[in-house]
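Asks: Heads up: the sequence lines are chains P and R, in that order.
Quick note on the working numbering: the first sequence kicks off at 1 and runs consecutively.
Quick note on the working numbering: the second sequence kicks off at 1 and runs consecutively.
These are calculated hints, taken from the structure and not from any lab test.
Incorrect hints may have been included.
Here are the simulated SDA-like cross-link-like pairs (lysine to any residue), alpha carbons at most 25 Å apart as the crow flies [claimed, not checked]:
#: 1; chain 1: P; residue 1: 72; chain 2: R; residue 2: 144
#: 2; chain 1: P; residue 1: 47; chain 2: R; residue 2: 317
#: 3; chain 1: R; residue 1: 314; chain 2: P; residue 2: 7
#: 4; chain 1: P; residue 1: 72; chain 2: R; residue 2: 317
#: 5; chain 1: R; residue 1: 301; chain 2: P; residue 2: 62
#: 6; chain 1: R; residue 1: 314; chain 2: P; residue 2: 47
#: 7; chain 1: P; residue 1: 68; chain 2: P; residue 2: 27
Given next are the chains, with one letter for each unit.
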Amino acid sequence: MDINTQTLYTVTVYSENHVGLLTQISNIFTRRFINIESLTVSASAMKGVHKFTITCYSDDKAIEKLVKQVEKKIDVLTAYYYVEDEIISREIALFKVTTETLMANNTIESLVNRYNAKIIEVNNLYTVIEKTGGKTEIRELFDELEHYGILQFVRSGSVSITRSKYEQLSDVTMC
Amino acid sequence: MDNRESVSGSVSLMKSLIEEGTDTIFGYPGGQIMPVFDALYDYRQKLKHILVRHEQGAVHAAQGYSRASGKVGVVIVTSGPGATNTVTGIADAMIDSTPLVVISGQVVSPLLGTDAFQEVDIVGISQPVTKWSYQVRRADEIAWAVAQAFYIASSGRPGPVLLDFTKDAQVSMINHYYEKCTSIRSYVSMPKIDRANVRKAAELINSAKKPLALVGQGVEIGKAEQELISFIEKAQIPAAWTLLGASVMPFDHPLNKGMLGMHGNLAPNQKTNECDLLIAIGMRFDDRVIGDVNTYAKQAKIIHFDIDPAEIGKNVDVDIPVLGDVKKTLPAVTALLKQADHDDWIESFDIINGEEYDRVIANEIYCDREYISMGEVIRRISEKTGNEAITVTDVGQNQMMAARYSKHKNPRSFISSGGLGTMGFGLPAAIGAKIAVPDRTVCLFCGDGGIQMCIQELGTIMQSNVKVKIIILNNRYLGMVRQWQEIFFNKRYSETPMLNPDFVKIAEAYRIKGRKVSKRDDLDDAIREMLEHNGAYLLEVDVEKKGMVLPMIPPGMNVSSVILEK
Ligand SMILES: Cc1ncc(C[n+]2csc(CCOP(=O)(O)OP(=O)(O)O)c2C)c(N)n1
Ligand SMILES: [Mg+2]
Numbered sequence: 001m002d003i004n005t006q007t008l009y010t011v012t013v014y015s016e017n018h019v020g021l022l023t024q025i026s027n028i029f030t031r032r033f034i035n036i037e038s039l040t041v042s043a044s045a046m047k048g049v050h051k052f053t054i055t056c057y058s059d060d061k062a063i064e065k066l067v068k069q070v071e072k073k074i075d076v077l078t079a080y081y082y083v084e085d086e087i088i089s090r091e092i093a094l095f096k097v098t099t100e101t102l103m104a105n106n107t108i109e110s111l112v113n114r115y116n117a118k119i120i121e122v123n124n125l126y127t128v129i130e131k132t133g134g135k136t137e138i139r140e141l142f143d144e145l146e147h148y149g150i151l152q153f154v155r156s157g158s159v160s161i162t163r164s165k166y167e168q169l170s171d172v173t174m175c
Numbered sequence: 001m002d003n004r005e006s007v008s009g010s011v012s013l014m015k016s017l018i019e020e021g022t023d024t025i026f027g028y029p030g031g032q033i034m035p036v037f038d039a040l041y042d043y044r045q046k047l048k049h050i051l052v053r054h055e056q057g058a059v060h061a062a063q064g065y066s067r068a069s070g071k072v073g074v075v076i077v078t079s080g081p082g083a084t085n086t087v088t089g090i091a092d093a094m095i096d097s098t099p100l101v102v103i104s105g106q107v108v109s110p111l112l113g114t115d116a117f118q119e120v121d122i123v124g125i126s127q128p129v130t131k132w133s134y135q136v137r138r139a140d141e142i143a144w145a146v147a148q149a150f151y152i153a154s155s156g157r158p159g160p161v162l163l164d165f166t167k168d169a170q171v172s173m174i175n176h177y178y179e180k181c182t183s184i185r186s187y188v189s190m191p192k193i194d195r196a197n198v199r200k201a202a203e204l205i206n207s208a209k210k211p212l213a214l215v216g217q218g219v220e221i222g223k224a225e226q227e228l229i230s231f232i233e234k235a236q237i238p239a240a241w242t243l244l245g246a247s248v249m250p251f252d253h254p255l256n257k258g259m260l261g262m263h264g265n266l267a268p269n270q271k272t273n274e275c276d277l278l279i280a281i282g283m284r285f286d287d288r289v290i291g292d293v294n295t296y297a298k299q300a301k302i303i304h305f306d307i308d309p310a311e312i313g314k315n316v317d318v319d320i321p322v323l324g325d326v327k328k329t330l331p332a333v334t335a336l337l338k339q340a341d342h343d344d345w346i347e348s349f350d351i352i353n354g355e356e357y358d359r360v361i362a363n364e365i366y367c368d369r370e371y372i373s374m375g376e377v378i379r380r381i382s383e384k385t386g387n388e389a390i391t392v393t394d395v396g397q398n399q400m401m402a403a404r405y406s407k408h409k410n411p412r413s414f415i416s417s418g419g420l421g422t423m424g425f426g427l428p429a430a431i432g433a434k435i436a437v438p439d440r441t442v443c444l445f446c447g448d449g450g451i452q453m454c455i456q457e458l459g460t461i462m463q464s465n466v467k468v469k470i471i472i473l474n475n476r477y478l479g480m481v482r483q484w485q486e487i488f489f490n491k492r493y494s495e496t497p498m499l500n501p502d503f504v505k506i507a508e509a510y511r512i513k514g515r516k517v518s519k520r521d522d523l524d525d526a527i528r529e530m531l532e533h534n535g536a537y538l539l540e541v542d543v544e545k546k547g548m549v550l551p552m553i554p555p556g557m558n559v560s561s562v563i564l565e566k
């Protein structure tokens, strides 16, 4: 599938905290050949309810069908999907560069400031930079730092919250 | 607390099954399930156990049992190979929405994950093909798990559930207390009926000039056969059925216009692309029904009655979904319908079906070719049973011919592996059906290939005295594959000719009465003998080698590409 014609969706799944649910949910993606871009699992604001945040590229028809299949799983309370501007998402990225390049000029430090990133560890050998932000911002910082050589890079899955007031679990399913 | 008593996990399982109304179990013992079979020994009056010959047979038998009776089919097997042998049947039950509770043994919990003898991750393996799969590691979870299992298997869109019991859970002592499950907070078994959509559906139907109803197994599962008849009669809607919906409507109902799909009848397939309104009821627009999705019913508005929200819009776009139990949604819509007549439209089906009769059907069911045809065997047996028998099929040409030419007066009379097309399904499914409804005649039609995929179940028939009628339509080919080779692969019959054993002798070895017929003149007498015999009977009929199931719409094609003649 051509990623360029597709949209980035965030799927949020609220479920019981039961073992084995992760495979069941990821199987639904695999079977339809939809690649999971990122995935995080955590507790939600409701006691005993877990929340999966999954991002993937797809189209509106496929994502709707996929989410219905996810909802069909017995232990899933409910599932939703969003396009980017319906939610607030953050990822965290860590970059490792040599301390030598950092010292050699001022650009890296000014990049860190400009991108609202943080230097969280410095020693003789390397420096670790932490950046929390949206997908694109992190990608841009990566592109900039790449000119100076990145030793290691890692980014988390995205965590997202909707623009509505509470967790979007309907009262019906909770009673 | 009230009426708790100290029992082993295995006894707790027996008591739980009885609470759920189970009286028949299909199974096969082994090391990791022995405590359960030991407990069963004390409960054998209340829980009749049918010892099969292969665990695949146990699951198909439970499917046949469930499809014939509407009850949940129950299976008990051991761990490892016993459990993996159930997977085909479980997958079959999943795609055909058949409620089953499959119970497997498992190694003791401290050994889990150690590659212990006969340890297999059956929960992981079965998860994609079950509605719910759960490992019970403690005896005090058993009553809860069984209650959940039955509730999940039988509610909403039914399906198979697997419970994997570690051996320590089977033997430890607990206080048994049973409470039926009536809801699970994360599971909506019954979607709320949307009144607005009920109204919109009725409006569409009331304004339609050429409506067509597509009827699936959902109507039978929902026990809404009568509601369906009232619905189609009030607005005079011609109706056609999917493979699994073959016995939903009486065959002679004037609005019953035949079968849909690849080997279905010409009229309903053509009219799908002419109607102005398509009303799908408890069916799921399988690709074998729709063919080319891009040209399927494009001119029509579509209403879809279903219990499963995930089916709406899955394969075709739907204008009005009517979610819910058809037993309730159909009458709700019927109440808003105006009496209508669509006489010309209804008659137009009969003209096309008449053409099919002349060009295809007559030659098949009143064959005058040298060799016996499958269709004439099925037609004769259906007639001789007054169209009241349960028809079970295997998979292949025999299946499609049985679907086309057996007729049904009553619901729950056609049992076949639809979505999965599992060869080997027929014989054990027929056993299960006969055990579920012993007063009905059960006729299995199967091929020379498929019978050999579960032929060991003749042993079950012998041991449990199951009085099924087995009709082998022997064309000495894997006929359906051969048919595709003839049409699409230039008659290159790669690995489809079969050298077969003497089936009647095999039956004899199992003390089952049998007869082989090669001549048309002997056929009626053999059928009479088979039906009069008070016991199981195997009738092998030599049929023409290169028969064809027609009409045929090639896969993925539009009905305009239908093949009518060889
Ligand atoms: C388990 C399984 N394996 C393979 C197939 C593919 N298949 C479909 S029909 C068929 C031929 C069946 O031959 P037979 O049982 O003799 O029936 P016939 O078509 O000749 O009536 C085969 C091999 C299948 N459906 N199921
Ligand atoms: Mg054959």
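Asks: Against this structure, judge whether each hint is valid.
Replies: Going through the hints against the structure:
With a CA separation close to 21 Å, the supplied pair residue 72(P) and residue 144(R) stays within the 25 Å bound. With a C-alpha separation of about 38 Å, the suggested pairing of residue 47(P) with residue 317(R) is violated against the 25 Å cut-off. Between residue 314(R) and residue 7(P) the CA atoms are separated by roughly 20 Å; this keeps the pair inside 25 Å, and the hint holds. Restraint check for residue 72(P) and residue 317(R): the C-alpha separation of about 20 Å stays at or below 25 Å, so the hint holds.
For a cut-off of 25 Å, the pair hint linking residue 301(R) to residue 62(P) stands: about 22 Å separates their Cα positions. For the hint linking residue 314(R) to residue 47(P), the alpha-carbon distance of about 34 Å lies beyond 25 Å, and the restraint is violated. For the hint linking residue 68(P) to residue 27(P), the alpha-carbon distance of about 14 Å falls within 25 Å, and the restraint holds.
In this structure, the hints that do not hold are numbers 2 and 6, in rising order.
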